[in-house]
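There are 2 protein chains.
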Amino acid sequence: MSRPERRRGPRSDLQDTRGALLEAARARFGEHGYDGTKLRDVAADAGVDAALVSYFFGGKDGLFAAAMALAVNPAELVEELLRDGTDGLGERLLRALLAMWDDPGSGSPFVALVRSAATNERAADLLRGFLERELLGRIAMAIDAPSPELRAALAGSQMVGIIMARYVVRVEPIATCDPETLVAAVGPTLQRYLTGDVALGA
Amino acid sequence: MSRPERRRGPRSDLQDTRGALLEAARARFGEHGYDGTKLRDVAADAGVDAALVSYFFGGKDGLFAAAMALAVNPAELVEELLRDGTDGLGERLLRALLAMWDDPGSGSPFVALVRSAATNERAADLLRGFLERELLGRIAMAIDAPSPELRAALAGSQMVGIIMARYVVRVEPIATCDPETLVAAVGPTLQRYLTGDVALGA
DNA sequence: GTCTATATCGTGATAGAC
DNA sequence: GTCTATCACGATATAGAC
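From first to last, the protein sequence lines are chains F and V.
According to our numbering, the stretch in the first sequence is residues 1 to 202, in order.
According to our numbering, the stretch in the second sequence is residues 1 to 202, in order.
To be clear, the hints were calculated from the coordinates, so they are not data collected in a lab.
These numbers come from a predicted model, not from an experiment.
Take the hints with a grain of salt, since some may be wrong.
[Claimed, not checked] Covered stretches of chain V, going by a simulated chain F footprint (3 or more residues, C-beta under 8 angstroms):
hint, stretch
1, 31-44
2, 124-131
3, 147-153
[What the hints assert, rightly or not] Which chain F residues face chain V? A few, computed with CB under 7 angstroms, are given here:
hint, residue
4, Asp35
5, Leu39
6, Ala66
7, Arg115
8, Thr119
9, Ala124
10, Leu127
11, Arg128
12, Leu135
13, Ile143
14, Val160
15, Ile162
16, Ala184
17, Thr195
18, Gly196
19, Ala199
Where is the CB? At the ideal position from N, CA and C, for every residue including glycine.
Full structure from sequences and hints, please.
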């Protein structure tokens, strides 16, 4: 049971240790959040020693930052979606994001951020800043209606709610249903928040 | 600085240690989640020693369970709301829940559960079970439309999204706006999920 | 009942051999 | 570059004095 026997993942002979660590880190952070992720486990998944994390990334913080940076930049994705105007934007937005999140490779950094933000104040700052600056801010600028910030934030809350239900808490039937089912059901919600008539009390 | 000088909260002379611990625990768990909460801090807030936690509750698990059990039972709250029928249920549901969550006394157990569920698998099980059994299940039984489970789950995802935005990540302007603003804006969303015409693809 | 002191463990980081 | 061994620290839980 205590045989050395290193290297167990699919990675055959390439000794791209750094890349292997990043890959394992994204998976672990996505599954357990920042605080819940153990460096030793990440290293074990990558088939290398835990000391290499410090060697390559300086520490846990650096590894987390590097793993998050691997995300497909959603800012340009949003820009692209916005170029087609705001008609049907809700559906298109949700469809694109679901496609991204359903793929463990590109989606786990986001799930990791949401998970980590719940218990880690710095991660919450990161997520809040990212949402406001990269996503909601851009969307708010593109919509031509009163209270664009509130509208974008409401849409964001529904998107985060979907992430929580589908990827974090895994509430059925949302967790396992077809993406298009969600697009059809909650796309209109997003569209109403963005351009529809929402009562803006206060 | 190292003077004993115990007892600092508002609780003047009653030595209800157990109650003080529960009160402090709800606040801490609500703020930092299960994993992020340190028993020493809870004890310090309560003005007693950390060892008392084990004495009264057997350990961290027991303290968490006891603190969660203090929640105003939302099952009967939902039952009461359901008695008035499903017309305007979305608004009434959201108004009642916001009133509850905005009060640190009654709302923090929920926020604590949501926070903890993000990194702690057992807390996620707890939250999922609670949602499905106590909340969404009851709501699903009360609505007379196709796919009641999906409808209830969608409503739940929007409610959790509001919790995340308002209490956990604190995204503006949702975090600080008037409750009635939210009721007016997202109440119709809930109503549509529950009884409106949502496209139920797949 | 309440506190002090301590046992025990898990984790992140580091020094140094190979 | 990579691993072994270890340190330093913080956390829960427990034994026992008062």
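Hints the structure fails to honour: 5, 6, 12, 13, 17 and 18
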